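Trainee: Chain S is fixed; fit chain B onto it per the hints.
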Amino acid sequence: NAGVTQTPKFQVLKTGQSMTLQCAQDMNHEYMSWYRQDPGMGLRLIHYSVGAGITDQGEVPNGYNVSRSTTEDFPLRLLSAAPSQTSVYFCASTKQGSVNEKLFFGSGTQLSVL
Amino acid sequence: AQSVTQPDIHITVSEGASLELRCNYSYGATPYLFWYVQSPGQGLQLLLKYFSGDTLVQGIKGFEAEFKRSQSSFNLRKPSVHWSDAAEYFCAVGAIFTGNQFYFGTGTSLTVIP
Chain S
1 NAGVTQTPKF QVLKTGQSMT LQCAQDMNHE YMSWYRQDPG MGLRLIHYSV
51 GAGITDQGEV PNGYNVSRST TEDFPLRLLS AAPSQTSVYF CASTKQGSVN
101 EKLFFGSGTQ LSVL
Chain B
1 AQSVTQPDIH ITVSEGASLE LRCNYSYGAT PYLFWYVQSP GQGLQLLLKY
51 FSGDTLVQGI KGFEAEFKRS QSSFNLRKPS VHWSDAAEYF CAVGAIFTGN
101 QFYFGTGTSL TVIP
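Chains as they are written, first to last, in this note's numbering: chain S, 1 to 114; chain B, 1 to 114.
For reference, chain S alone in the conformation it holds in the complex (with noise of 0.2 angstroms):
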C-alpha cells in the first residue's frame, strides 16, 4: 500500500514558468488537499477536495490551480512560478469527506523559485 505519493520530490523553476506538482493516493480518501509549508508559518491550505469534480480554496490559493477529476488524483498547477512560491508542498487526504479522521501525508515537494 504505497499511501499517498507526490512527484518530484525536488524542483528548481525559474520565475513565469509553469509546472504541475502531482499527487497521488491508493487508498479511496474522498478529501485530498495541498498545504505548503514555510518557515515560522506552519502548514497553510492552498486548495482542497472532497470528492472527484469537487474543489474548493483554501488560506492561501493565489497563484495555485487545482482539479480532481479522479479520486485517486490532486494536482497542483503553478501557471507562473514566482519566488514567493518557494516552499515545500505536502499532499494530504484522509479518508472520509470530513475532518474528523487524520490526514495521510505524502512525502513532500521542495520547490525553489529563482
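Possibly wrong hints are sitting among the right ones.
To be verified - Residues of chain S placed beyond 10 angstroms of chain B at every Cβ, according to the derived structure:
hint, residue
1, S18
2, S33
3, G58
4, Q85
5, S107
As the list claims (entries may be wrong) - To spell it out: a stretch of chain B is covered by chain S in this simulated footprint if at least three of its residues, at any positions, have a beta carbon under 8 angstroms from a beta carbon of chain S; those stretches are:
hint, region
6, 38-52
7, 104-111
For the record, the hints were derived by calculation from the structure and aren't laboratory data.
It should be emphasised that the depicted structure is a prediction, and the values quoted were computed from it without experimental measurement.
Where is the CB? At the ideal position from N, CA and C, for every residue including glycine.
Mentor: Chain B alone, transformed into the frame defined by chain S:
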C-alpha cells in the same frame, strides 16, 4: 475566525526529562483536535486526536494530550523524552463548520540534549 496558536517556537529538553508543548485554539464549536509530528525531511505523522469523551487522550510513542475547554487548550505531554523525539510538532484543528478545513499551528521544534 479559526486559529491555532503554538506559543513556543523552539523547546530544548534533556533526555529523560518531561515535556509539555502548548497549543491554544480559537473555534466557535467543539473542535476536532490533533497533534502531528514531523521528522526532518518527512511528512507529518499523527500522534493523537481528540473528538469527544475523555479529555485525556493517549497517543503513540508515549505521548498524551489533555483537552481543556475552559482554556481552549490541547497541550501535548510526555513523561520522559527520548532522543528520537527530536522533531517538529504541530497542533491542528479540524473545522467542519467552515468548509471541511484543517488549521495548523506554526509548530514547535523540539531539541533533545543528552
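Trainee: To test your reading of the hints: which numbers does this structure violate?
Mentor: 2, 3, 5
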